[in-house]
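Engineer: Single-letter residue listing:
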Amino acid sequence: MDLRRKAAIVGVGEVGPMRDPGDRSAIHLMLEAARLAMADAGLLPKDIDGLLVGPLLVGAPVTIPSIMGEYLGLELTYADTVDLGGATAAGMVWRAAAAIAAGAANAVLCLTGDAVDPKAFYTRGVRWDGMPAPEFERPYGPMGANSGYALAAMRHAYEYGTTDRQRAKVAVDQRTNACANPRALFYGKPITIEDVLESPVIVDPLHLLEIVMPCSGAIAFIVARPEIARECPHPPVYLLGFGEKITHSLPAYAPSLTTTPIVYTAAKAFEMAGVTPKDIDLVSVYDCYTITVIITLEDAGFCPKGRGGPFVEEHDLTYKGDFPVNTHGGQLSYGQPGLAGGASHIMEAVYQLQGRAGERQVKDCQLAFVNGNGGVLSEQVSLVLGRE
Amino acid sequence: MSEAKEQPKAPLPRPTAISAPFWEAARQGRLLLQYCSRCQKYIFYPRPYCIRCLGELEWREASGRGRVYSFTIVRRPATPAFADKVPYVHAIVELEEGVRMTANIVGCRPEEVRVDMPVRAVFEPAGDDISLVQFAPA
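These protein sequence lines map, in sequence, to chains V and S.
Start counting the first sequence at 0; every next residue gets the next number (numbering that gives the first Met the number 0).
Start counting the second sequence at 0; every next residue gets the next number (numbering that gives the first Met the number 0).
With the rest of the complex left out, here is chain S:
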């Protein structure tokens, strides 16, 4: 085989009926989370009902502010699709609203990321109709 294979693309989110409002908001540069007004708690990831009281959830705009709960620098690509991205930061961010999300930390060198570092949500266009929620140093 002399010709190089085309590098596979990183997987994109495929919004579901339940998660569509989250992704539509992300495309517009806003972070939405589901909230249960009875339990007064946010939940993530999106679900059809509150996992505490089984009641209805509403979408609320979140602060976008959080801290790095933990992170790792991925130095070998997780799959061939990430070959040109290494090294990258795979992190868990804890939002002010109390929920945790997986994200990459962008906008700084991987070596600058620290546990408990304040971060803010940024929105990274990843396809025609999709923006990923990422986090950058606050």
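This is chain V alone, in the form it adopts within the complex:
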């Protein structure tokens, strides 16, 4: 048995992104998003019997699914947290579909979100307490994910000659996309390759404009069995294929920093869906940094290994281009509301496949490839999503 067409995304709720959440907590932002998602799907709390919640990045209470289920008025036959960093939301999609296929639930609400103090920077460092190897990492002053992806970018440049300009092209095209998405934090602020290259280098070789900006917000989506999905107001977006693989946590222990488990996860997702990368109309992949997109395009098979740099230079990655990528702006230009950053790639794929992406609508969008990425290229979840 596989999960092809066993479940569909039937509604999404988007709160933010915003720089300042005011007095609203991450939980409150997620609860707002949940209401919007239910309204979008034409469903009521009585119709929701499954709940997946992403862990909060700070101040997380325990038993959060029952806390949120109670608030939302849900009676749950399936509830859990999913803890895969940036791959959390993508991991929720297939877990929800598996729960539905197993008969554990009919409609699963998936919640991610975060509220960050826009003035705080140092308070949100990596939590090391109780981890197995902090003594071999912390004394050396790693700058969290920033240095991890800088290490990947530096090694990629060494192995394949990938240039700063090539990476910058990703940020520029995604910013063009954000300028067609009024919700994006960087809406109305186009940038050029020179702007990226002239922005300060934070961790060599990564410039400021190649690095995602944490913000606040929440995204909810509902995965439902096909019988329910067909009655919902918007066209169902089916899960056609998925793959998941986790190989490491810290970058020093990654099997490779230039070839990722996406090689496996994407191949598995495409095989289950019965399609190839050439069939894909929209690529909506995790972009915490510019290099993440280049490596993902290579490992998912959209271009040969090592050719991601030239590929992004030769193709127009905007919504009006020949190879649309992250048409909502990506997290680089939409903002990264905690784990909802990863959910933003799913949300955009749903909007595009349902034909309601507005000004940035990709013509005749039938098939989308989504990738969630956690840690430093650590957790990978690939999805193929499609129309009826």
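Treat the hints loosely; a few may be bogus.
Stated by the list, open to error - SDA-like, lysine to any residue: derived pairs with alpha carbons at most 25 Å apart:
| # | chain 1 | residue 1 | chain 2 | residue 2 |
| --- | --- | --- | --- | --- |
| 1 | S | 8 | V | 143 |
| 2 | V | 118 | S | 83 |
| 3 | V | 319 | V | 274 |
| 4 | S | 40 | V | 132 |
| 5 | V | 304 | V | 158 |
| 6 | S | 40 | V | 247 |
| 7 | V | 244 | S | 84 |
| 8 | V | 118 | S | 96 |
Think of the hints as simulated: they come from the structure by calculation, not from any bench.
Given the coordinates of chain V, work out where chain S should sit on it, guided by the hints.
Structural biologist: For chain S alone, kept in the frame of chain V given last:
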């Protein structure tokens, strides 16, 4: 607030029962790695058993020779404790024994570091009883 706050100190390793031999050797200027004689493989970081065969591990002295797998120059301090250290090199070194370690590259200017550059382990006193394993150009 007129008086400047004392700058927090960079975090030091806190050896565990499993990692103590590594840090004790580092204090003496030696690099020890765990080795599984059944799998004929080294592992790092220290663990209570071999992650391939679940068997016993032994400590062996390593060559200290390796190459820079990748590096970055940190230009903004990762935490306030590193404010007076920027810019510094955060690197992953691949040892001849096949394992990778996080370290700083010392003994040269950050701009001189290259991927695949040969390096050797050096031992940097960091506290009364602790020396960090660092790497310098070979």
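Engineer: Compare the structure with each hint and give your call.
Structural biologist: Hints versus structure:
no.: 1; hint: S/8 <-> V/143; result: holds, 18 Å
no.: 2; hint: V/118 <-> S/83; result: holds, 22 Å
no.: 3; hint: V/319 <-> V/274; result: holds, 23 Å
no.: 4; hint: S/40 <-> V/132; result: holds, 20 Å
no.: 5; hint: V/304 <-> V/158; result: holds, 10 Å
no.: 6; hint: S/40 <-> V/247; result: holds, 18 Å
no.: 7; hint: V/244 <-> S/84; result: violated, 37 Å
no.: 8; hint: V/118 <-> S/96; result: violated, 45 Å
Of the hints listed earlier, those the structure fails to meet are numbers 7, 8, in rising order.
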